[in-house]
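Undergrad: Turn these sequences into a full structure, and let the hints steer you where they fit.
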Amino acid sequence: MQTTAPERRQITAVSRPSDKAFQGVVTAGALSAFVVLALIAGFLFLRSTEVFRTFGFDFITRSKWDAGSVEDARAPQFGVAAMLLGSIIVSTMAMIFALPFVMGTSLFLEYYISRRIRFVLVSILDLMAAIPSIIYGLWGYLVLMPYASHWAASINKYLGWIPIFAVDRENFDASPFVASLVLCLMILPIASSVTREVYSRAPQDQITAAYALGASRWGAIRAVVLPFGLSGLVGGMLLGLGRALGETIAVLLTLNLVFAVKFQVLASAGGNVASLIASRFGEAGPLELKALMAAGLVLFVLTLLVNFGASIIVGRASRSTK
Amino acid sequence: MTSTTSLVTPRRPWVNRRNVYKELIPTFGIAGALAVLIVNFTGLAGPLGSYVAFVAAYLTVSFLFGMRHDKIKAFDKVMTTLICAGFFTAFIPWVSILFTVFKRGASAIYWGYFTSDMSVTSGDDELNLGGLSHAIVGSGIILLIASLIAIPFGIITAIYITEIRGRFSGLVRIMIQSMSGVPSIVAGLFVFAILVSGRGFSAISGAVALSILMLPTVARTAEEVLKLVPEDLRTSALALGATQTATTFRIVLPAARAGLVTASMLGMARVAGETAPLIMTSFYSANFSTDTSGHPLASLPMYIYQNFSNGTDLALSRAWGGAAVLLTLIFIIFTIARLASGRAKG
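Top to bottom, those sequences are chains A and B.
Just so you know, we're using the numbering used here here: the first sequence kicks off at 1 and counts up by one.
Just so you know, we're using the numbering used here here: the second sequence kicks off at 1 and counts up by one.
Keep in mind that the hints were calculated from the coordinates and are not lab data.
Since we're looking at a predicted model, the values are computed, not measured.
Possibly wrong hints are sitting among the right ones.
[Unchecked claim] Derived coverage of chain A by chain B (criterion: at least 3 residues anywhere in the stretch with Cβ under 8 Å from a Cβ of chain B; other residues may be distant):
#	region
1	243 to 250
2	269 to 282
3	297 to 309
Quick reminder that beta carbons are idealized off the backbone N, C-alpha and C, glycines included.
TA: Given below as structure tokens:
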């Protein structure tokens, strides 16, 4: 006797006209993000073509920013090299400062305290992420800067023979060091929430196995959690880097913008594309405005690339664990 | 009675046991005493110096305690101390921020602060003159308009991903992710290029800039929330003959109502303190106004920024006052979001 399973029925759903209309409207609405991104890139490009045509590749490689003047017959010249490099230096330093704290915070919240306390602390961390950047800037300038200048002076005193810690003039205020400390604080919540998320999915059986083999808590973390969560950590840090690159006001308040390529991170001179736009915007003439649009486009493309990389890494990290 | 399957509940060996405190308290005490000695006999001073001294002393003491057992235990204790120190050190600046904002902000705040504007007062006048009513109302107007734009689009995006599940779902999610990384200054430049240049600053343009920054937060939170709605509800509704439109509007959205409130509130909290895009869109005005187009409009972040740029002591006090008001506002929005999501779970 043979039983045959009935053939699987083919279900064909025919959408009603009202549903089709609904789907159309929602699809159109959902593509708004795509449209906005395309519009931003398009408009910034349109407004800055003249600058790119006039200055060509020099716009990226030169660091002189001069609106020119009619009286002295000086031709305007715009280049973002110093600012772009400054953005990268400040954000990278913020990454380096943040890394131990991101790891410490994520591991502490995930493996060192009970669930109930974790819930409270995570809520506080979320709340800290909501502090606006102008308040970070205000605090960074008025409260942190005196301390940070003092620290910078001691670093310079003892490690000044290393080129990046050297200074030409003994002024440590508003240096890339200060700005990156503020940025480090600002990216900590986002970076550690992503990292913690991935750390929390570390395979339970392997952790238990590590303990069974006599590992200490740190031993289990080093053998299981850290290798497992590496991609999450990298992704979280990259996401933070994207934030740091685009941060404007906090950096504007705590960094002294100087249009020259410099690697002295303790000196009171640095660069930042986003702050450049905010600081020059008020008194910019038509051509300079276009140059600022071009700088905005450069920043937009840079952050888009970083964020794209970050979301791919984070996405892969969370998919591989599900 | 036969027992069927007995599930082994996974143990969490890293959870603290009671006897931890037997070692914690002496370590704490000895390290504290050591720290006092260090502070008294070396260059370390002040609260920060004491903290550093304490952490260093604690590291040493916990290492020595661990060495009573073996090297592995000692190293484990050192790492535990480092990880805890990493966490607590990260909190010091935030405590300092909250403390400074409310302490220094308090000096600028008096009753008239919330009822008068800066039209006849300059930044460096005495602190019993002028106020920020214009900035609060301006921020409210800009946030309201931004929400009216961003919340519907954010929820529609979430509906597309969870309800329609069309073929662009992956693309839309990536776009939202990328959009959340758009620097606020770039959003400001963009809105300046399309709405402000040639027409002048206006509240509307500020709201458009903020809505660009708000949309991804709302969309992503709303997506999470709609995913929590049980699939059974949808299939039951469809089985009863409801159209997809009716299922979405009468079953799914009401079920996720509280969560959608959370999504909206988180979006508002995200942009309430944005300054950079407002510099180039709604700018600042010292007068009380509710005009949404054609004129610059004040907002709390711009009020802070203006007073900071002024730079005198009294203006800085005003900036701190504005910061205290702004932070309180954001915390209130945040609390509403949390309460709403708490109710959604309960």
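Undergrad: Mind listing which of the numbered hints don't hold for this structure, in increasing order?
TA: none
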